[in-house]
Each structure stands twice: as C-alpha cells, then as structure tokens.
Amino acid sequence: MNFWGIRLGSIGVAVAGAILVGLIGHAMGTTAERLIGLAGLYITLAVSLNLINGITGQFSIGHAAFYQVGAYSAGAFAMYVAKTQTYSIPLLLGSIVVGGIAAAIAGFVIGLPSLRLRGDYLAVVTLGFGEILRIIIQNTPELGKSYGMSAPALRSLPLIWLLAFLCIAVCRNLLKTTHGLTFLSVREDEVAASAMGVNVTKVKVAAFVIGSAFAGMAGALLMHLEGFVTPTSFSMDLSFIVLTMVVLGGTGSITGSVLAAITLFLLPELLRDGPTVPLVAVIAVLVFLGIIVGMIKKLIDDHKFSYAALAPKAGIALVAAVVLGFGSSLLPALNGVQVPSANLRMVIFPVVLIVMMLLRPQGIFGHREIGLATFLRKREVSA
Amino acid sequence: MPFEPSILMAGLDWPALPQQLINGLMFGAIYALIALGYTMVYGVLRLINFAHGEVFMIGAYVALFLSWQMGFYQSPGGAAPAYATSALPIILMLVLSMVVCAGIGIAIERFAYRPMRNQPRIASLITAIGVSLLLQYGGALVLPVSPPRSIREEVNPYVGQASVDLIKPSAQQLSALDSATKLDKEMATKLADQVKREGVSSEFDLSAEGQKVRNARFDAADALRKAQEDAAKSRYTLAVPKGQLIMFITTVVLMMILRHLVLFTPVGRQMRAVAHDFDSAALMGINVDKIITITFVIGSALAGAGGMMCATFLGTSITTFLGVEWGIKAFVAAVLGGIGNIPGAVLGGLLIGLAENITVWAGFSQYQRAIAFVVLIAVLLFKPGGILGSAKVEKV
Chain A
1 MNFWGIRLGS IGVAVAGAIL VGLIGHAMGT TAERLIGLAG LYITLAVSLN LINGITGQFS
61 IGHAAFYQVG AYSAGAFAMY VAKTQTYSIP LLLGSIVVGG IAAAIAGFVI GLPSLRLRGD
121 YLAVVTLGFG EILRIIIQNT PELGKSYGMS APALRSLPLI WLLAFLCIAV CRNLLKTTHG
181 LTFLSVREDE VAASAMGVNV TKVKVAAFVI GSAFAGMAGA LLMHLEGFVT PTSFSMDLSF
241 IVLTMVVLGG TGSITGSVLA AITLFLLPEL LRDGPTVPLV AVIAVLVFLG IIVGMIKKLI
301 DDHKFSYAAL APKAGIALVA AVVLGFGSSL LPALNGVQVP SANLRMVIFP VVLIVMMLLR
361 PQGIFGHREI GLATFLRKRE VSA
Chain B
1001 MPFEPSILMA GLDWPALPQQ LINGLMFGAI YALIALGYTM VYGVLRLINF AHGEVFMIGA
1061 YVALFLSWQM GFYQSPGGAA PAYATSALPI ILMLVLSMVV CAGIGIAIER FAYRPMRNQP
1121 RIASLITAIG VSLLLQYGGA LVLPVSPPRS IREEVNPYVG QASVDLIKPS AQQLSALDSA
1181 TKLDKEMATK LADQVKREGV SSEFDLSAEG QKVRNARFDA ADALRKAQED AAKSRYTLAV
1241 PKGQLIMFIT TVVLMMILRH LVLFTPVGRQ MRAVAHDFDS AALMGINVDK IITITFVIGS
1301 ALAGAGGMMC ATFLGTSITT FLGVEWGIKA FVAAVLGGIG NIPGAVLGGL LIGLAENITV
1361 WAGFSQYQRA IAFVVLIAVL LFKPGGILGS AKVEKV
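Chains as they are written, first to last, in the working numbering: chain A, 1 to 383; chain B, 1001 to 1396.
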C-alpha cells in the first residue's frame, strides 16, 4: 500500500468504527448511549491533556477550563448567533468549530504564562484560570449564571467518537514526526532543547493550543449531548479526574490515556447502581487492601516477588482486616451504618488511585504504546 | 454586567474601608496559618500537599466533636454548662485539634508520601490528590454534617464586639438624632391613636385628618433617616468581633513560636538543611525521615488550629468539603508569597485576606472567590517565583 492508501484506509476504519460505536450505543438503550458518549468525550479530554501534560511536560491541571469554554461558546453560538432551538447538522458542526476556536484562543492565553512559569507555579496558574472562568460564568446572566445554560440537544455518538479518533490520530501522528520529537525534547529538558535549536516558545504554545482546541470541541459536543450544562459540571474535581486518567495511563502514552479514561469513567458509573453495604465491611476491605499493597510493595522492593511468598501474607492481611473490621463495629459511631454504593464510588476512586501510584507510579503503560506493532513484533531473546 | 463608572468613583463607602482592612487582616491570618503548612511541606519535600486542606477540615471536626462531648450540643436553648464562659474549653479544643491533626499528618506522610519519595514528582502529586479525595468523600460517609446551629454560640463566650470609636459624632448631630427619633415615635403613636379612634383596623383607610398625620409620620421617618446618616458619617468606629481578635492573636503567637523553632533551635536548623539540600543533609548525619515527620507534625498542627478557630469563631458550618475552599486559598497564598518561604506564606495569606475584603467592599462580592487567583496570576506574571521567592535558574 502506498502512503495515501494507508491514510485513506485508516480514515475509513475510524469512520466505520465511530458508526459502529454509535449503532452499538443506540442498540443498548438511552442510559448506555449517554455513557458511551461521555466515555468518548473523556477519551478526547485525556488524550488532549496528555499532549500538554504528558508529551510536552507542561504541568497543566486546569483542563476543565477548556472543556467549559468549548461548552459555553457552543451554547452561546446556538442561542445568540444561530438563534435556533432545534437541532440541525450545520448547527452542530458550527458549534464544534466555534467551541474549538474559542478554546484554542483560551489555550493560547493560558499557554503564554507557561513561557515564564514552570512546574508547580504553572499548575497553580492553570487551576486558577479555570476557577476564575467558572466564577465569571457563574455571574454572567447571558450564560445562565449558576442555573446553567441549555442548547439544542443531540445525541450523536459517531461524531463524538470520530472526534476521539481524530484526537488520537493527531497526537499519534505528531509523535511520529520531527515536530513530535521537539515536543518530547521540551518535556525531557527545556534548556537542552533550546540549546539544540528547538523553538521552546512555539512548542509550548502549540501544545496548549492544540490540546485545548480538542477539549473545546469535546465541550461543544457535551453541550449538545446533554442539552444543558451548569458551571458546577466543570469544577476542579473534573480537572483532577482527567489529570488522573493521564497519569494512570502513563504520561506520554496515548493508548494508556485511552484505556485509563474508559476505566476511570466507567468504574464510578458502574458502582452507582450497586447494592448498599455495611460501613464495617468497607473498612475491612480498605484495611485488607492497604496491608496487601504494602506487602506487594515490600516484596517488589526486595526483588523477591513471587505469588507463593504472597499467599501466607495475604492470609495474615485477611485476618487483620476481619479483626479490625469487627473492631470498628464496636465503635458506636460506626456500628450499623449502611452505605449506598453511590456514595462509595468517590471513595473507591481515590483508593484505586493511591494503590496504583504505590504499585506502579509510572502508570499502566509508562511511556509505551500498545498497537499492532506490539503483537506483530518478534519477541527478543533475553540474555 | 454593565460597567458602571459610578461604582468605582462615588459609590464607594470610604469610611468603611479601615474596617474592611481590619477584617481582611483577621481572615488573612487564618489563611497564613494554613499556608504555613503548605509552604513548609513544599520547602522540605517539593510536594504540593493537596491533603492539607482536609487536615484543616479534620481540625474543625475535632473541635465540633469535643464541643458536643463537653455538653454544648445536648442543651440547645437550655443553660450552657458553667465552664462554657471560661477560656478552658476553647484552649482544650485548640490543643486537641492540633494534636489529632498532627497525628493525621504523620499518618498521611508515612503511608502515602514516604513510599513515593523516590518516584517522579507527579506520582506523589497524584497520591496527594487521591488522599485529599479519600478524606473528603470517605469522611462524608462517616462524619455528620454540622447542624445549621454551629458550635459558635455555645462554646464561644467571646461573641461580642470589641469596638473603638475613633471620631464620635458631634453633640449637635446627636441632639438632632435624638429629636428626630422622638418626633418619629410621636408621629407613630399619633397615627396609632388615630387608627384606634376612627375604629378602623387598617392604616390605609383613614380620614383627611389621619392622612395628615400619616404624611407627617413619613416626614418624621425621613428626618430620622437623614439624621442617622449624618451621625453615621461622622461616627468612625472600628469594630472587631472578639472571637476574631482571639483568632488573630493566637495565630500571631503560633507564628512567632514557629519562627523561633525554625530559626533558633537545632530541629529548625536541621529542617532548613533538609529544605536546602536533601541529600547533603542526609550525608551530614541528619535523620531526614525524622525531620520530614516533624515538618508534617508542625504543618498539620497549624492547620488543625486554623480549622478549630474557623469552626469556633467564624461559625462556619462544617462539612467534609470545608477544606477545599480554605485549602485552595491558603495554597494560593503560599504560592503568592513564594512557596517554600515562611515569611512569604504569612505575607501571602494577609494579602489574600485583604484582597478578598477589598473586593467585597468595592461591591464585587460575587467575585470574592476569584480574586485570590487574579492576584496570584498578576503577581506571578511579573515575579514568577512569588513575592519573596526567587526564580531559580535551571542548569543543564
């Protein structure tokens, strides 16, 4: 196959995949459809933040801000420019373009301080931009203040997933080019990169603009998916969750981000409908997990990890957990408290996060990618 | 919002400014107290301890539980115990909050941060976010949300105001005020009499005579309002709630103790050595683990004190998400002053407190939450290391 053949082929696969996802979602019913749509949006968010955070190494933790800019500018476009209450394809496409451009401008503005600030300072400034934006929107009557803003609703899964595929393709192709190497070099060492002739300014701002444009387009699609958003949907928690997806998947690994985005988004959603459990059992499980993780960590550190060595220790951990679980039931405050798992999901989420960081701090994939090459490549014989 | 220049020019209540500045200082002191914890941990470990705000929240809860334990909750409306009016319960609450929070701080450091110490910094940051979320939502499962009636009235015997009259209204203004009050009362009685005499129940259904009295009553009320405004304009009082004054003094005392500890004791010297260079300090025989634990103890105890005072003297209603807002503002304060720099944290805290109160005073109270970040970004763009911090030159 020649160059263009591969390109056209992959575009065809992406479109077919997006339509397939849309058909599957439609067949699974309204709730599942919405979840699959949101999952696609989270993939776009995680991969686009990975471009800023993981690939370029600019420590941005305010990604929800771009998402919000996209959503609100799409809503404003529908309400004030297009002035329509009903959905149409041109409106949707226009919204996506408007959302993307508005978020790209925001990304440019937020990217500029990154030229002077680095590390934690940049993190705080990006977080601060998000908060400022949220408060401004909360006080703007045209954008519905804290009550939220509505737009013509449309559930278009193929479009959402096409955007996700586009985002993945752009980031992946970027990494395969010389430009991508300049992005990586900025992450590894800014000073060395600029000494080698890399235009650090351009790379940093480009990362912010591209990443935020994708987040903005995702925001526009969210606005039309839900038909309604409020400023609270874009709080700091959302930024943290997206950042977590990036880190958990492995900073710099696109496939890692995709997998982590799907897992971390679906995990709390699946827990939402679970049964009510006694608090004592939750405490026992947490104690058990804590002890087990500590032991695995110790075994890994001592280079003596084997499942046989783990088994008796797991037994000890189980006994300790049961004892402590029952012990906590003796406390009057904890005795007999039943917890609906909808409340539990935001407890399990951080526990997964901490356990993951303790056991594998570089993320699931680290810097590696999973792709066809992983499976087609011959195993190298280890020495 | 349409821009109104009058807001910036004439609408400002200038005589109220000193009062707002004092309020700002009072709040800023609490921000500074929490910011010290951020800045100390960052200085030693180069880690943004996102769970610090949650330690603050736990301090507030300890104060709440202790106040219930001492019987302040069981007697709503009834007579508070005799010792409620003494300073003893407050000191007890303060000390216990600090002790419990110090313990929580040690646990967080030992089980969440120490295993991450040799990992990339983003891993410990994610762990910090995880611990923060765990304490917020895990706490929400177990801990009660404080009742609308906070612990303030019952535990805090210092509800009153300590006020100082800087300029008193003149005798002439006072007599005008007096006569206006008298006239107003007189007219109100006359009107009531009229209503009674005519045998109607409504003030709006009156004879021509009654109409005259009613108009006179409105005139009298107008005169009273004008006299009150005159008197208020010349009255120049600074009022500080006693509780906030205690808060401020406690904060200053704690900060001075901290300053002494860091500058003039062996532990402080070791702490500064670890902050300066981790590895060299270890090579010089300093027990780095111990010093980091002590740092967490001090920072968390200060956050606990802040939480206790916030719950007791400000009467904030306590939820497990209390730490998010206070924590983020205190963190902004720490960065503003130059993170890792102890005087910087105090300065940043005071600045944030002042900026917030000036925003409220200028009539933009809805933007109060945003102003901390606006100030931060404005300062960082001109001085990327914070006010007292120094921007580091990176070497290859």
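By construction, these hints were calculated from the structure, which means they are not laboratory data. Values in this document were obtained by computation on a predicted structure and should not be read as measured data. Worth double-checking, as some hints may not be accurate.
[Claimed, not checked] Computed list of lysine-lysine pairs in DSS-like fashion (alpha-carbon distance at most 27 angstroms, straight line):
id, chain 1, residue 1, chain 2, residue 2
1, B, K1383, A, K202
2, B, K1226, B, K1190
3, A, K297, B, K1185
4, B, K1242, B, K1182
5, B, K1290, B, K1242
6, B, K1242, B, K1226
7, B, K1185, B, K1212
8, B, K1212, B, K1190
9, A, K298, B, K1290
Checked hints:
Taken as a hint, the B:K1383 and A:K202 pair is honoured in the structure, with Cα atoms around 22 angstroms apart against an allowance of 27 angstroms. Annotation: proposed proximity of B:K1226 to B:K1190 holds, straight-line Cα distance about 21 angstroms (limit 27 angstroms). Taking the CA atoms of A:K297 and B:K1185, the gap is near 80 angstroms; set against the 27 angstroms cutoff, the hint is violated. Under the criterion of a C-alpha separation no larger than 27 angstroms, the hint pairing B:K1242 with B:K1182 is inconsistent with the structure, at around 33 angstroms.
In summary, the hint linking B:K1290 to B:K1242 is not supported, as the alpha carbons are separated by about 39 angstroms, beyond the 27 angstroms threshold. Taking the CA atoms of B:K1242 and B:K1226, the gap is near 31 angstroms; set against the 27 angstroms cutoff, the hint is violated. Between B:K1185 and B:K1212 the alpha-carbon distance is near 16 angstroms, which keeps this suggested pair within the 27 angstroms criterion. Distance check on the hinted pair: B:K1212 and B:K1190 sit about 11 angstroms apart at the alpha-carbon level, within 27 angstroms; holds.
For the proposed pair A:K298 and B:K1290, the alpha carbon gap of about 21 angstroms is at most 27 angstroms, so the pair holds.
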